[in-house]
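Student: Please put together the full structure from these sequences, using the hints given.
So the sequences go chain by chain: A and B. Numbered according to this note's numbering, the first sequence spans residues 14 to 448. Numbered according to this note's numbering, the second sequence spans residues 14 to 448.
Keep in mind the hints are simulated off the structure, nothing from the lab. Treat the hints loosely; a few may be bogus.
Pairs involving identical chains hold if they fit within one copy or between any two copies, as the list cannot separate such chains.
[What the hints assert, rightly or not] Capping the alpha-carbon separation at 25 Å, the derived lysine to aspartate or glutamate pairs in DMTMM-like fashion look like this:
#1 K439 x E142
#2 K59 x D75
#3 K208 x D167
#4 K59 x D414
#5 K439 x D407
#6 K439 x E335
#7 K399 x E335
#8 K439 x D414
#9 K399 x D330
#10 K208 x E305
#11 K439 x E240
#12 K208 x E312
#13 K59 x E215
#14 K59 x D248
There are 2 protein chains.
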Amino acid sequence: MSSSWVDIDPASDFSLANIPFGIISTAEDQTPRVAVAIGSHVLDLKALAANANLAALFPGIDGLTPALSSPSLNAFAQLGRPVHRQVRAALQDLLATNTQHSALLRDNAALRQRALLPQTAVQMHLPMEIGDYTDFYAGYHHAVAVGRMFRGADNALQPNYLHLPVGYHGRASSIVVSGTPVRRPVGQILLADPKMPAPMPEVAPSRKLDMELELGCFISRPNAMGEAIAVGEADEGHVFGYVLLNDWSARDVQMWEYVPLGPFNGKNFASTISPWVVLADALEPFRAGGVENRTVLHEYLREGREDGVFDITLEVDLTTAEGDTTTIGRTSSKHLLWSFPQMIAHHTLGGCPMRTGDLLGSGTISGPGGQGESGSLLEMTENGRKEVLLRGTDARTFLRDGDSITLRGFCGAENGRVGFGECRGKIAGAAQTRR
Amino acid sequence: MSSSWVDIDPASDFSLANIPFGIISTAEDQTPRVAVAIGSHVLDLKALAANANLAALFPGIDGLTPALSSPSLNAFAQLGRPVHRQVRAALQDLLATNTQHSALLRDNAALRQRALLPQTAVQMHLPMEIGDYTDFYAGYHHAVAVGRMFRGADNALQPNYLHLPVGYHGRASSIVVSGTPVRRPVGQILLADPKMPAPMPEVAPSRKLDMELELGCFISRPNAMGEAIAVGEADEGHVFGYVLLNDWSARDVQMWEYVPLGPFNGKNFASTISPWVVLADALEPFRAGGVENRTVLHEYLREGREDGVFDITLEVDLTTAEGDTTTIGRTSSKHLLWSFPQMIAHHTLGGCPMRTGDLLGSGTISGPGGQGESGSLLEMTENGRKEVLLRGTDARTFLRDGDSITLRGFCGAENGRVGFGECRGKIAGAAQTRR
Ligand SMILES: [Ca+2]
Ligand SMILES: [Ca+2]
Ligand SMILES: [Mg+2]
Ligand SMILES: [Mg+2]
Ligand code: NI
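Tutor: Right, here's the structure in full:
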């Protein structure tokens, strides 16, 4: 990768090899609009479009200028992968030291001033208008660890687990962008065994507030209702890009409510995503093999490639109210049993329509190595039976008010990193509620 | 209720006592816009607003004219219940024989020509832009019947069932308006017992395609994330109105996929709603007691009234490809264990944000009387073990290609009926898929 005329820290997630898209606003212009991240700056594409001849930079793309002024990335995503590819390549050229369009921005101080803004000066918004959110359960080691905890090693995986990407419909309205405070949910919680006669749940703030380390995938183009998406066409035809996703979970609420229809209030109070959408093409160099599945798969799930997932280094930091940070988990997104194209093929098998901006979660990602590679406190603490030690003398089973969780994810070497920045949320105390 | 100058069939669902809202388009003006139904006609409110002095009819309502020209009812719903009440009352006056505004429409032939259209001349659209769709399981006799079928009479209800309104997040993108064809879904189906070693599912069109008779409830005004809606404020503050809902279900797909995270492809291929939203106020005269729940409820679920649900007569017709119609189910929406205000209070207990246009389904509604009062073929046929007899010599266990299901719902006596019209869908053959 060539270097950039923008000063970029070698360790930055936002190297010239990345060019992730997001939605920004500024104090001067509070209208949300499209930008890309480059090093510690963002390039405001609305400002660029208003002040430069975009036809020279992006020839022949219909609808690009209105898409770049939109308050979400949906219009841009809808343009499809070939356009994303062309725009990203043109922006890489524009920002490269040896750009072919030096007069347009590199040597145009007035436009640089207006369009190239420090990240500290912009507010990030939800990047997409999310129609539907689906959360899968494709993190193999997570599913094994959780299944073993509740059903024993012999029945850890449900019979369907190796045959199809298990998932559930989540709550789109509860998805928030990194930095949004997360209030501890109140819920019905059963302290006794539910099989006891006359169980009596209490209504209380969750005592088992947890995080879930996931990769999120945004849909670019829709399919028609009733028409399945073929696994081989899912990536190029329907994947826009990726974010980090923290699917906050109240384990005690979930435990009492989830039979037989799945997670509900235990999951729908908040899910946090990172603000920058890393385009699918930016992750292409980091493909890897996922978890091997020896099950004979049906044709519609056979991807015809061994490297359907990505090897993204993932980290979880817990920061206490006092400000002490401990990295409590470190793993990779390669520990998935199913790729996103497989999830999309399965999701649409019966004809379910995907729309631009729909979000798919991978499910919690954990490595095979136990506590330090886990993507949830449920696993790290064996459902609260042992503590995770933090810096100093502190420790946790589940999250306390004032704790912050920060997810990070990146691949590639210095000066060419492709990363997500931060996905962060801080726990606020529960609301007062009539119980 | 006074009579109308519009000629209304005494048996019409759309009496002057109703005034339901919907979204129409016409051959002359294909822009979707707001209308109300009256007898066999619709009143085009965009045409009314363009041609009449609305300030005289609806004094003091900000934002009404743009709301009535919107392509969905969201903007109108967002105005809140007092506005819906005022607008419905004004329209009832406008359409009444002894209207105080006779010159505005009754005696204005030119405007009547433009704004009062036969229902046969308009196309109906989805009434709301649906952000999230949640389906509950509040039909008590349905839950008992299905639970008994799969777990025996002693364990028919799960331990949580009487303590909280069980529900799951559905798929908003798959909701279609009455009349939209429903393609039989292809899915993974396990013919053997899943507990057998090495289960091998097949991929095939569903053999157990079913319907579910439900009442749907649309949300008017949002709550802030993290702030629960009190049960006593849910109706006036957050309920817009009601529709009929057919939650089509592929029982064989659902059976194999649903443990542990709930229904997914078995439900997300289509759900059909009736096009006219019956405003909450129009159902007020038809309140009734729901199914008695002897469980001691937590404060947040105590509604403080005995008549939290509605006694709406509900009917299910099956029409074969040959055109023979049999009413296979007849029940009432009073057979709910939980009211919509209770569902809303529970849904938001942990802070989940509701948005304008969100849809809540009641869950399948069945009466206590068995087959003829059932809201699903699963119950009527005991999961395919016995047949439902149709007119002539035909019979069904589950739905065949070419079958149509029509839901109807109404309350009140002739000349004052408040009904929903039809919620109809016809089954189209499955897509060809690489298995
Ligand atoms: Ca999750
Ligand atoms: Ca249902
Ligand atoms: Mg969540
Ligand atoms: Mg459905
Ligand atoms: Ni009257």
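Student: So, for every hint listed, does it hold in this structure?
Tutor: Status of the hints after comparison with the structure:
{"no.": "1", "hint": "K439 x E142", "result": "within (23 Å within a copy, 32 Å between copies)"}
{"no.": "2", "hint": "K59 x D75", "result": "within (16 Å within a copy, 32 Å between copies)"}
{"no.": "3", "hint": "K208 x D167", "result": "both (22 Å within a copy, 13 Å between copies)"}
{"no.": "4", "hint": "K59 x D414", "result": "neither (39 Å within a copy, 51 Å between copies)"}
{"no.": "5", "hint": "K439 x D407", "result": "within (17 Å within a copy, 61 Å between copies)"}
{"no.": "6", "hint": "K439 x E335", "result": "within (12 Å within a copy, 61 Å between copies)"}
{"no.": "7", "hint": "K399 x E335", "result": "within (22 Å within a copy, 66 Å between copies)"}
{"no.": "8", "hint": "K439 x D414", "result": "within (8 Å within a copy, 52 Å between copies)"}
{"no.": "9", "hint": "K399 x D330", "result": "within (18 Å within a copy, 57 Å between copies)"}
{"no.": "10", "hint": "K208 x E305", "result": "between (37 Å within a copy, 23 Å between copies)"}
{"no.": "11", "hint": "K439 x E240", "result": "between (41 Å within a copy, 17 Å between copies)"}
{"no.": "12", "hint": "K208 x E312", "result": "between (41 Å within a copy, 24 Å between copies)"}
{"no.": "13", "hint": "K59 x E215", "result": "neither (51 Å within a copy, 50 Å between copies)"}
{"no.": "14", "hint": "K59 x D248", "result": "neither (28 Å within a copy, 43 Å between copies)"}
Against the hints set out earlier in the document, violations occur for numbers 4, 13, 14.
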